[in-house]
Structure formats: C-alpha cells, structure tokens
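Participant: Chain by chain, the residues:
There are 4 protein chains.
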Amino acid sequence: MIIILKDNATKEDADFILNKIEGLNLKSLYMPGVERTVIGAIGDERVLAQLNLEANPCVEEVKTILSKYKLVGREIHHHDSVVKIGNTEVGGDQFHILSGPCAIESLELALESARIVSQAGAHSFRGGIYKPRTSPYSFQGLGDSGLEILRAVKEKYNTPIVSEIIDINDLEKMAKNVDALQIGARNMQNYVLLEAVGKSKIPIFLKRGMSATIEEFLLAAEYIYNSGNENIILCERGIRTFETATRNTLDLNAVAYIKQKSHLPVMVDPSHGTGLRELVIPLSKAALAVGADGLMIETHPNPVLALSDGRQSLNGSQFEKLMNELKILAPHFGKKI
Amino acid sequence: MIIILKDNATKEDADFILNKIEGLNLKSLYMPGVERTVIGAIGDERVLAQLNLEANPCVEEVKTILSKYKLVGREIHHHDSVVKIGNTEVGGDQFHILSGPCAIESLELALESARIVSQAGAHSFRGGIYKPRTSPYSFQGLGDSGLEILRAVKEKYNTPIVSEIIDINDLEKMAKNVDALQIGARNMQNYVLLEAVGKSKIPIFLKRGMSATIEEFLLAAEYIYNSGNENIILCERGIRTFETATRNTLDLNAVAYIKQKSHLPVMVDPSHGTGLRELVIPLSKAALAVGADGLMIETHPNPVLALSDGRQSLNGSQFEKLMNELKILAPHFGKKI
Amino acid sequence: MIIILKDNATKEDADFILNKIEGLNLKSLYMPGVERTVIGAIGDERVLAQLNLEANPCVEEVKTILSKYKLVGREIHHHDSVVKIGNTEVGGDQFHILSGPCAIESLELALESARIVSQAGAHSFRGGIYKPRTSPYSFQGLGDSGLEILRAVKEKYNTPIVSEIIDINDLEKMAKNVDALQIGARNMQNYVLLEAVGKSKIPIFLKRGMSATIEEFLLAAEYIYNSGNENIILCERGIRTFETATRNTLDLNAVAYIKQKSHLPVMVDPSHGTGLRELVIPLSKAALAVGADGLMIETHPNPVLALSDGRQSLNGSQFEKLMNELKILAPHFGKKI
Amino acid sequence: MIIILKDNATKEDADFILNKIEGLNLKSLYMPGVERTVIGAIGDERVLAQLNLEANPCVEEVKTILSKYKLVGREIHHHDSVVKIGNTEVGGDQFHILSGPCAIESLELALESARIVSQAGAHSFRGGIYKPRTSPYSFQGLGDSGLEILRAVKEKYNTPIVSEIIDINDLEKMAKNVDALQIGARNMQNYVLLEAVGKSKIPIFLKRGMSATIEEFLLAAEYIYNSGNENIILCERGIRTFETATRNTLDLNAVAYIKQKSHLPVMVDPSHGTGLRELVIPLSKAALAVGADGLMIETHPNPVLALSDGRQSLNGSQFEKLMNELKILAPHFGKKI
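Protein chains in written order, with our numbering: chain E, 11 to 347; chain F, 11 to 347; chain W, 11 to 347; chain R, 11 to 347.
There may be inaccurate statements among the hints.
It does not matter which identical chain is meant; a pair holds if it fits inside one copy or across any two.
Stated by the list, open to error - Here are the simulated DSS-like cross-link-like pairs (lysine-lysine), alpha carbons at most 25 Å apart as the crow flies:
| no. | residue 1 | residue 2 |
| --- | --- | --- |
| 1 | Lys183 | Lys30 |
| 2 | Lys331 | Lys271 |
| 3 | Lys73 | Lys186 |
| 4 | Lys183 | Lys345 |
| 5 | Lys78 | Lys211 |
| 6 | Lys78 | Lys164 |
| 7 | Lys346 | Lys331 |
| 8 | Lys37 | Lys73 |
| 9 | Lys337 | Lys94 |
| 10 | Lys78 | Lys209 |
| 11 | Lys331 | Lys186 |
| 12 | Lys183 | Lys209 |
| 13 | Lys78 | Lys337 |
| 14 | Lys164 | Lys346 |
| 15 | Lys16 | Lys209 |
| 16 | Lys78 | Lys166 |
| 17 | Lys164 | Lys331 |
Derived from the structure by calculation, the hints contain no laboratory data.
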C-alpha cells in the first residue's frame, strides 16, 4: 500500500502512521520527498485493510500496490537504485563490468586473470571457490582455501571481489573477504539462503534461475529486500529452452521488461547466456543497447585449459577488444564505463 | 569401474582390491553375489586408470561405467532397490501411496487429513511445515511448531511421516520426528542440502526440479548416494513447458526411462504434475501403468479452504475412490497396494 | 451460443430459429434430442447478439459458449463422438490400434509390415508416401507411386489405410485411395490445408503440433469441423521441451484434459512421443490408462534398416507382445480392442 | 562437397567437372573467383563419393561440407548475401526497415500506415491480406481484395511491398503484385509451400517457426535455395518458452549464431518477439547491436483499434522516434539506414 501524505503533513503525522503500520506487524517504508512524503506499508492484504488511512486528514491518497513484488517494483520506488560493489557503482549511468574465471583454480591463475581484466578496465573481479556442479565427480572448487586467493587478488589489484555463496554457514567468512555475494541460478529459489543474505548488508548479485519466470525472479529479489538488504543486482543469464545450438537462450526481453517494472540494476551474463565464446561480444553489445546496467563476462588466461566453462570464456585479448568496443559505444546509450 | 572377480576369488582377494581402491581415495563398493563377487570403484577416470587391475589374476573382467550416474545407475547395480519409509516399502512389487495436505495448517486439519488417507489405505502421510513459497508474502508453513503436529499424527494413526527439509540446520530435529525427508523441486540442485542429507541414513524423497533434465535429476540422486545414503526415492512431479492449460507437464516418459537406467524406486506426483484435481485420477492410473513404484497425492479435507494448492487437492471421497480403483488395477501391472 | 428449446417446441419453431441464424450468416447446428431440441449458433459475438432469442416464446434458455472451441467442445456436444476409419471405429468403448511403418519404402516392405500388424490385431494400417522431412536431402517418400502400394495393401489385408497429406492439390487422389488422412504435426496450423480437408468428409487424423498448446490444437480441429467435416480424430504425439533424453515429451496430461473438454476421440502416438523403442510399450499402457481412445504405433519388419524413424519402431514380435498385453488390460479401463 | 580448382584450371576443366556432377543428378554450383574457381556439389553422400575428383589433375582440394545446410551455410559461400526487395537492399552494410500494420484492414488505413512509415524512412511496407489465425472465428484478412489495396499503396508511396503467402495457389497473383513474399512462422515447415516459392525468383522473407531450432530454420531456407531461389531473408521473431510476461522470447543468440553460420541476411521482428509495444524500441536497438540486417516493425495509425496485434504495434510518433534513434546508432555498428 502506498500512502501519499498531503504537502502540509509533518514528521509527526508520518510517525503516527508509521507506528500504526508497525503496530500491525506490517513492514513500513518512509520516503520523504521534496514535495511530498510517501509511506509504504507491505504485508497481508487483510491486515492492510485494518489501517483505514483514507480517513486520516494528513493523507492525500492511498493506493494499492498491484504487482506481487512490492519492494523491488517501481510502483513504490520510481527511481533507479544504484548499488555499490566496493567503491564501484552498478546502476544509474554507470555500466559495470564484472569479469574473471568461472572457478578459482590456483593463486597463479587467479592473479593472471585479475591482471588481464583489471588492465582492460573491468570494475570488479569474480571467481568461484564453492562451485555447484551438476555431477558430484566434477571439480567442486577450492573451497575455503580459495578465500586467501581472493584476498590476495583484491590486495594486489585493488579490485572489488564477487564470489558465489552456496551454504548459509559460509556467510560470515565470505562477507569478511568479498565485496558482493553471488546467488547462482540453481539457488535462486533457495529461500533459506535468500533470507540469510537478506539479513546482511553485503551486496547480492542474484542470477536468474534457468527456468524462472521474470515474476519468480523479482520475487526472489523481494525475499532479500524484505529481509532487510536493499543492495541487490539482478543478472539475466539465459533461460532453458528447446534450442540446443546455444547453451541457454539469453532473454534480453526480460532485461527491458524488468527495467520498466523494477528499480534494481540489471546486469547480463552473455557467457552462460550463450555458452559460446564467439557469441559473447555481439550479445554484450546487445545487452548494452537493450538497457542493461552491466555485464558479467567469463575471462580465463587460457580457456582451453579451464577446469570449467572454458568453451564460453574469453581470453585476454578478446576481453580487451570487447572492452574497447564497449567504451566507445556506451555513451550512445547514456552510459559510461 | 566395475570389477568382476573370478569364481574362485576369495574374500582376501576382494579385500586386497578394495584396499587398493580406497588407497587411491576412490569410492569402493563391495557386492558379493552367489556366483561372482563384483567390486565397484568410483571416482576420477585418471585415478581409476592407475588401479591397473586387468593384470590381477583373480579379476575376470574390468568394465567402464558409461553413464554419468555411476551409483544410482543399473550398470553396477542391476536389481531394483527397495527403500523403506518407516515399516512400509517403496519399490519392488509394492506400489506405495503417500498422501496428505500440501501444508500442515493446524493440528485439527492434520489429524483429519491423516484419518482420511489412512482409512483409505495410504501407506504414509505427508505434510509440509517449512514451505518454500514463490512470494515472501505467502503462507510459509508453521515451522518448528509443526513438528509436534506431525508427531501427534504419527502416534494417532501409526503412519510413517514424510516432510520437506529446506535448511540443513533443521536436519537433526527433523530426522528425529519424521520417517523420510522430502527434497523439493526448487532444491533439487541445492548440493549443500543434498550432501547434508546424504550423510544421514534417513530415506530421501527427491523431487525432480521443474526444469531439470533426467540426467541432472539422476546426478542429484548421485550426490546423495555418493555421500553415503542409499535410501533414495525419486519423484517425477511435472516439468515446466510452454503449456499453460495444466500447471506442469507430467513427464511419464521420464518414469519409464529412469526405470530402465536406474535401480532406484520412482514415484509420481500427479497433483503438482497437473495442477488440476480432475486430472489426478487419470494420471495416477497412467503412472501405475507406465511402471512407477507409487504416488504422492495431495489430499485435503476441504480443498477449497486450503492455504496452498487447493486447486489440485483431492477431498476425502475422491481419494477413497482413487484408492479403490488403484487396488483393483495394481495386480495387472505386477504390483500390490 | 446454445439455444435450448421448450419441450413443446415444434420442428417449425426450430426451423424458424435456424433460418434466422443462417440469415445472419452464422453457422447453425440442429440437435434434436429425446426430451429437448438444442440449437447452436456459432460466429461473431456481435452478430450473435442480434439474434435476440431470449424473447422467443419457444426458447427455454440461451447460453453463451465460453470456450474458444465451440464445435469440438463439450459445451454444445456432451457425448463422445465416434469416428469410423473404413469400417472400424475410434472412440466410445473401442480402443483403436493404427500401425505400420513411418514411410512406405517398397511394395514388399509395405506388404510385410501390413501382414505383421494385421495378424497381431491392428485395426488399420498407416504409412507415409509424402514425407515432410526437416532436410531437403532426406528421403521424401515415394510420392504418387506409393498410392498403388497402399491400394495393394488394402486389398490384400482388407485393412483401412491412413496416410499423411501435405499438399491440398493431392486431396482428390488421396481421398480415392485411403480411408483417413493424417495432418502431421508440422501442418497443424496450415489453415489452408485444414480448410481444404474440412470440405471433404474423409476422416482426419490430426496430430498435435510439436509446440502447440492444447487450445491451439483444439482450434485447429475447430477449423476442420467448422469447414464441414466432423470426422476428426485428435492425436497427442509429444511436445517439444528442454528434455533431450527422449525425442519429445509425451503429454498425457493433454489427453486427460482434452477428454474432459472435447467430444472428439483422442489417440496417442508413443513412437514419436518418446522416440525410443523401449519406451513405446510402457507409454502405450499409460495412454490406455489415462483414457485415450487408441494408439498410433510405428512398426517395421526390420527397424534397423528403416529409412526414417527406425530408432522408435517396433519389430513384429515387439508389436505382437504389445497387442497381447493391451488386449488383456483394455477391459479394465472400459475399452475393447 | 567443395571442389577448389588449381589456379591454372580452365573454364573447360570446370565444365568437365560440372557435367560430371550433373550427370550423377547432383546439384552443382559454379563460383569463379579472382584467384581460384570453386565448384560445389550437393546431394547424397554416397553418390558424391562416386565423383572421385581427388585424382583430377586440375583439382587442388576437395572438402566435405560438414553442416546440414549446404547452400545457405558459409562453408561454400563465405561472403554475405545481399537480397533486394524492389530496389532496396537487405544485407551488407544496409540496415533495412520493413514496417506496416499486421493486417490490411481497409484502403484508408493502409494508405495512412504507409504514409507514416514512409515519411519516417522505412524502406518497405508490409501488411497481411491472408492471415493465418489461431481461431477460425478471428479476422482472416481481406483476401484477394487486399491485393488492390497493396497495389494502391505501392503506387502512391513508391514503396516495395511485402505480404504473407499461405496458399501455393496464390503464388502467381501475389508475385505480380508484391515485391517479396513472407512465409510465416506457422508455415516454416510447410515444405510444399517452401518448394513452390523456391521455384520462383521472388524474394522470400522467411520467419522462424515458433519452436523451430536454428538448424531447422536454416534447413527450411535450404529447401527454398535448393529449389532455385537464392533471394532469402531470414527473420527471427521470438520463440516459445515457459515465460508468459512477454508473448515470445526474442532469441538474439540465434541472430549472432546464424550470422556466423549462414551468408543470408537476418532481420528481427521485435513486435512479435516481445508482444509488448514498450519493449519494441529497446529490443530494436539490441537487434542492431547484435548484428542483424534489419527490422520488421508493426506500425498502425491507431493501435488500440487494430483488428489484430494492436498490443504490440507502434503508432506513428513512436515509429518515428525509433527511426530517428536508429539512424544515429546504425553507423556505430557498421550499418547505414
């Protein structure tokens, strides 16, 4: 429910209403503006009805929030959110480039990858240390020992670090060592994990599930936001369809659609979204053109030797070429890199 | 790798090989048979090659396991597995009926549901207390307080209980109170959860992810088996397709296919698989006919009032009618109920 | 629109209304019953409103047809339709078996196939002579010369023949030589073809498009029915999904759903629906159990040598085994074979 | 099979080989180049083997064409094809804009639509007169009487016309009146229609089937090319997936993939590809960025009143805005408008 106060409403008027909302165990939002103060009330429709605010003399208008995603939708929060990863931004006019290998394989390779992506101008570095793999017999990541490597990368290249969390019991140690946590496609509806990271303030890089509808995707973000963490970056990474020529079908419709419905920044992962190195550059440009706020690109010093996802990883010179092209194109789409 | 010993091989010969396998940190399986002893070795192909067992004089034959799912496949384990939930069986010639409401809503409703399904002849009772819901504003289950209700149902109706686990930290308390744990569709690739339940011995009712391929489904079971828990029941519950007339598309192809490739019992959930009450009875019969080992059916004393999934739940008389029909049909498909 | 006349309404009353309907260029249906006469009027909603029949004293009730498929739906036509292929029936209590090779390859193979399926008890024979193939370089069928072979099969084994039509200009010559025309999955929305066969009275075996929704499937049948041909048999043959272990995903949900919504008989094609010979028998039983009215099974004397679809074809002894099992099971599902 | 001649090979040498190819009823291609002459031979692999050209002294190299699509693939034909619609081009550095209403509803609306799109700078005009509609009760197009309207539009605005063909018997009259024929998504595998238009030389605008794989799409083009018509423009128009927020999922992966594998120009239809007017502009830009050769955009003077597809049509000012943006962006992607 969106409650728009009259222009002469005072802070006390607002507090009165906020107390009433909280008194019914509803979630409240206080959004003072230049002209009007707007208050949000989120929760069970039947309880919302008990607020009976239409009669309050300082209330100008009461509107129902129609979409299922109340907090991440634009109905209550019109302007684009900007989320910070370390001291870099995602959203607004900043086009953010996050890059690195699929998995951290060794200190040496991690440093070499970080050198490549940093020199080419990426804003942040990614690399998995806990890998959710389809087969129990595939490389599962370095685990805890990878944390030290991520720390070493961060120190040497002064780059923010993003890495995937798969176990709520890893939250504390990861939050100490990385700048943003990725929730992978397979865990997009792992609500226990969503609520756990929602209770921290660390930025969350939330990837769309491989067969999640846009509504389910936004509701997953709503879980995190509703648990208290507003620092959410959405990431479209391709959906599962009948097509087999490409690994997934990158859904750029979803990016344009979400940008209209939600204030959260949306990045695109053309590496998983296509599964084919030679499609990463054209789809990266398309993501910029469609209105995305950034890219997640898999880069590896020697993709042929990568322990996972080598087929879709760029090497150093390919990544550099991509960055150079994007830097020229971005301003034509109202973005800077 | 499957190692078939010669018929004159001794227990000492087998132990020698088993030690060698374990010495390389590979997983070993010891399967003594009436005529021959068979030994399994599972792990990285390059390490398996180091075993060099062809030269061992007590070895008759060494075969590679071709499928990706080594332990749950039939290559190494030909015969159907039978899994027990409480003192009831799933698999072999037993057609198992698991029924109850989607969610435990209250003690009264739980007892009434249990009365209905027990009287009609169901073998076990199900009801969720931790519910993974798409929206954070939907009913999330009773949580821990539901455990007492499940215990009360179990005592009163002497029926085994199956309930869904969504958090590894709930494992201990749930294992004390229920007879089998469900892993839901959304968590089918939550490998942290799979490995956690794999370390217990409690039977696992593993539902197929809504867009999981058959191979991914069997590899999820492989995670559990490989962690040490052989008590796994697979459950086909419909996949996500373009069709919107039904909630999901129940994939009975998958049941027949899995019965050929895996020794694990396979149950079918026509309630989620169709989403429409009036399709539950015909699809239940089809599941029996295609070779499934049982059914998971949502039953509610008053489906119209159910807090979740009412549209697909049978009421008491519909469930009884279904049970009566299945009891007559089952013997024609080599099953008893 | 469904117009139910009063029990004292005369034939003249009905004719008056029928004339009025036809005068507005709407489609009329006259359905005299034992107790009441029912009249249907199909067409543009705005024109229907001009009928203004509520005021007519011999009219008991006027009801809108809610579903988009007016003529093939059960709202206006409650009872199951029975369609005849030659002198065999499809629908009602008859479970119809249509079998034969994917393509007619030669007279010899066609006769041998017909011998196999006839001896095992199939009711009709199928074989394609015009084959719509994905690649222009694949075997495209024998074309016109195949018609003579089909005639020879019909004479020798006294079996009705079903064969696919792909070109409206073939309609006349095919209608002379075969007993029913198949519209294949790729042509399910070839409305020119649907209307052309709709103007004949030859029975149509309409296969579901590989990504057609149930509604689109029934509307394709509506095109044929609306053009004047009521002899339509629907055939579920598997839909295209993300799953790659099987060629298609046989959608038995759709069979149960359509049986509730439409009066037309529904057959199932487990050969294309699975793409794997070893799944044909279990899925055939499931189709019987779910309420289908028959099966279309690909049978070939020597599947390994078949020019198309060999992987999914049964050989003679497999087909015979299937028939024997179905004959025993059918009565338990209210059907005879 | 690709046969590369030595640089001293004469026209007679080439003719000798071409005769040999044709003598075996294989399809031949003669491609003289500045440095080398290349000859293609297409057909059954076993017959190709009989050519035995490796031994011919004027042959430098013989290579097998690996892809299934021989003629439309780049293996034999490296450079981009450019197809002309009227005197406008599609392909190469020309970004082609084809626009107009879904259906021709009246002369007045057609002229008004043409005025809008012509003034804004579209290169060609589209409008359907034979409409393949899911329901037989929906507006089916004006039929033959629409041809005169299309002719009137062409004369008044001097614009090439593209319109959909659904019946092979309409080919002659349509070819006289329009500049290119559209094959719609539902007819993409109507091989009778593909072969019929393949025997003419009129440019074909071939839309991807709604669940056609990329390979099936290219093989549909191969049917047309193999029948003799090289003037083919491919059009990606969105595929059917589980997502329901948008009408289809526009598959820009496919555009980038096809541009690498095929020499044919590829256009994109963001109107059907999204189904939502407000997504047409961002997805149009994305199509340009990903490497497409043009756009097909639905424009209607008053979308709210359109008899079909109004929800996805731009009005005049929206189309003009899109054109203005595209004109500025195109040169950054190596294209002119």
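Participant: Could you run down the list of hints and mark each one as holding or not?
Facilitator: Okay, the hints, checked on the actual structure:
In the homo-oligomer, the alpha carbons of Lys183 and Lys30 never lie at most 25 Å apart, since the shortest distance is 38 Å inside one protomer and 37 Å across protomers. For the homomeric pair Lys331 and Lys271, the shortest alpha-carbon distance between copies (22 Å) is at most 25 Å, but the shortest distance inside one copy (33 Å) is not. Taking the shortest alpha-carbon separations for Lys73 and Lys186, neither the intra-copy value of 41 Å nor the inter-copy value of 48 Å comes in at or below 25 Å. Proximity of Lys183 to Lys345 under the C-alpha cut-off of 25 Å is found in neither arrangement, the shortest distances being 35 Å within a copy and 51 Å between copies.
Proximity of Lys78 to Lys211 under the C-alpha cut-off of 25 Å is restricted to the intra-copy arrangement: shortest distance 23 Å within a copy versus 40 Å between copies. When the C-alpha separation of Lys78 and Lys164 is checked against a cutoff of 25 Å, the pair qualifies neither within a copy, at 39 Å, nor between copies, at 37 Å. Proximity of Lys346 and Lys331 under a CA criterion of 25 Å is satisfied in both settings, with 17 Å inside one chain copy and 23 Å between copies. In this homomeric assembly, Lys37 and Lys73 come within 25 Å of each other (Cα to Cα) only inside a single copy, at 16 Å, whereas the closest approach across copies is 47 Å.
In this assembly of identical chains, Lys337 and Lys94 lie within 25 Å of each other by CA distance solely inside one copy; the values are 20 Å within and 35 Å between copies. Taking CA atoms no more than 25 Å apart as the test, Lys78 paired with Lys209 passes inside one copy only; the shortest distance there is 21 Å, against 38 Å between copies. In the homo-oligomer, the alpha carbons of Lys331 and Lys186 never lie at most 25 Å apart, since the shortest distance is 34 Å inside one protomer and 49 Å across protomers. In the homo-oligomer, the alpha carbons of Lys183 and Lys209 lie at most 25 Å apart both inside one protomer (15 Å) and across protomers (24 Å), since each shortest distance falls under that limit.
Proximity of Lys78 and Lys337 under a CA criterion of 25 Å is satisfied in neither setting, with 37 Å inside one chain copy and 39 Å between copies. Proximity of Lys164 to Lys346 under the C-alpha cut-off of 25 Å is restricted to the intra-copy arrangement: shortest distance 23 Å within a copy versus 44 Å between copies. In this assembly of identical chains, the alpha carbons of Lys16 and Lys209 never lie at most 25 Å apart, being 33 Å within a copy and 60 Å across copies at closest. In this assembly of identical chains, the alpha carbons of Lys78 and Lys166 never lie at most 25 Å apart, being 44 Å within a copy and 40 Å across copies at closest.
In this assembly of identical chains, Lys164 and Lys331 lie within 25 Å of each other by CA distance solely inside one copy; the values are 24 Å within and 45 Å between copies.
Checked against the numbered hints above, the structure breaks hints 1, 3, 4, 6, 11, 13, 15, 16 and satisfies the rest.
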